[in-house]
Amino acid sequence: MSLENTSRRNTGDVLFHGAAVLAAALVLLLIAGIFTDLVRHSWLSITTFGPRFLWSGAWNPVTGEFGAASSLYGTFATTIIALVVAVPLSLLIALFLVEIAHPRLAGPVSGAIEILAAIPSIIYGMWGLFVFAPYLADHVQPALEALFGGIPWAGALFSGPPMGIGILPAGLILALMVLPFTTAVMRDVFGLVPRVLKESAAGMGSTTWEVFRNVMIPYGRKGLVGGIFLGLSRAIGETMAVTFVIGNDHRIAASLFASGNTIASTLANEFTEASDPLYLSALVELGLVLFVVTFLFQVAGHLWLRRLRGGAGGGR
Amino acid sequence: MKLAGARRRKAADWAVRIAASLGAAVGIVFLVWILWEVVSRGASALSWSFFTELPAPPGEAGGGLANAILGTVLISAGAGLLGVPAGIMAGIYLAEYGQGTRFGGLVGFMVNVMMGVPSIIAGLFVYTLIVVSLGHFSGYAGAVALALLMLPIVARTTADMMALVPDSLRESALALGAPRWRVIVQIVARSARSGLLTGILLAVARVSGETAPLLFTALNSPYWPHSFSGPTANLTVTIFNYAMSPYRSWQQAAWGASFVITAGVLAVSLLTRYILRRTT
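Chains A and B, in that order, are what the protein sequence lines are.
Under this note's numbering, the first sequence has 277 at position 259, and the numbering climbs by one with no breaks.
Under this note's numbering, the second sequence has 609 at position 92, and the numbering climbs by one with no breaks.
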């Protein structure tokens, strides 16, 4: 009786353990599978164009010439705009939440910012195309052109017809989408700064701003970098919101007002229309590039954050 | 001189305080702006027939998106059936078996990385894996693509929530002679159940509003989702198609669909928050 019981217990345990191991292995298998599958389906394009694919600006389904340059440019340009706007803004919001606002106010404000992350990206696209883009074209872009348009070199970035769609609007909407993530990381990082440190600085007569600049930012510096990394990889792969407002044009224009494309937006727009095998293969290779880039950023970001956690607290 | 310095420092402090408050206000203004547009433009597109009828041809009044609403619910449910068990088992592995092992460390790390894989890559992968080999778009493929996105979210929350359960609880159950798997299912999972539930809800909310993974898998369809093995209607791809169309009536319907999907996703997110707050 007792023997039978133990043997049955073992089968249950073995099965359950096996299922858990399988599910865990599935995670690794899927990541490896995504990589090999994308390589396999882009093989035609890889062998046809070679490494030239990465810097060629051609994108012509008729002549069968494809290159990733304009998509890579658009992807990085929109991501950089998103970070340039979102990082300082989320630093300010985190400062507000941790140091300035009354706890009663900080809770709801923090919750509201988090809701921004819950809104589906296609809603950002709808709002971006029908509401934000016309607003930008009427009010913001003319002002930017008047402000910066006269400056040599940099002025070219803010010139051209204000259409409301293009690289700049896509970057701004991405900034809004990245904001809740970077804000959450920064809020948590600043929350970890020991009270004693802040209070000693304040006791020496520092103002809130000086405590923030001289104590909290240096203390949380590394955590901030990790948060920026994660925000970055989120912005790079964002698809729908960008597809709605970027204009989907395969060229690299000097002006940020001009329309462009990102890897994700090109896939979303052209994939179901591509009938030619080389065209399809080139699109899959674009996807492969995107996968590899986000994978590397994610790995770097998580390794960085893990090292921080291992090294107790952050700090110097 | 000293006094002037103090005044300047005070002024700088005030300037930053004001800037930080404005920054928070900017975030909230955009949230309210987006929600306001979705509600005001979407509500006018909603009617009884919106929830009960098939789409009308462009330019014709009436019609609805009942097929797309049903399709989105079905695809999300299918994704849940695939993604939730796999995610929970992977999470159980991380929390109960793999701690401290090399394999466990690698899987835990890759779960985090997988959460950051762009959703369009999930769609592309499932396209090459399922759509190409079967030769046609299908609701199944859409469900698999969404399940790929759910898996790491469910696994991460499951692992984190089960790690919070004190070891003494496991040890007392084991000491009573319970087999390990029953300890995990009946003691650990049960005491972490609200945490597991939030993980599942979070994943459902995140995934049901996704568009990119469905573009090349479920595609879209103007008909009822009779069978899952053909292109299947869904709300998000419908929004994309309708918004890009030149017809005003379709753009109007896209706003209606936006309202429905936003309300659904936010309701689930807020429910998750409520559960979390009640239990912690």
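Derived from the structure by calculation, the hints contain no laboratory data.
Errors might be hidden in some of the hints.
[Unchecked claim] Straight line, CA to CA, 30 Å or less: simulated BS3-like cross-link-like pairs of lysine-lysine:
id, chain 1, residue 1, chain 2, residue 2
1, A, LYS240, A, LYS216
2, A, LYS216, B, LYS527
3, A, LYS240, B, LYS527
This one's a predicted model, so the numbers in the text were calculated from it and none came from an experiment.
Okay, the hints, checked on the actual structure:
1. Restraint check for A/LYS240 and A/LYS216: the C-alpha separation of about 18 Å stays at or below 30 Å, so the hint holds.
2. For the suggested pair A/LYS216 and B/LYS527, the alpha carbons sit about 18 Å apart, so the restraint of at most 30 Å is met.
3. Restraint check for A/LYS240 and B/LYS527: the C-alpha separation of about 29 Å stays at or below 30 Å, so the hint holds.
Of the numbered hints stated above, none is contradicted by the structure.
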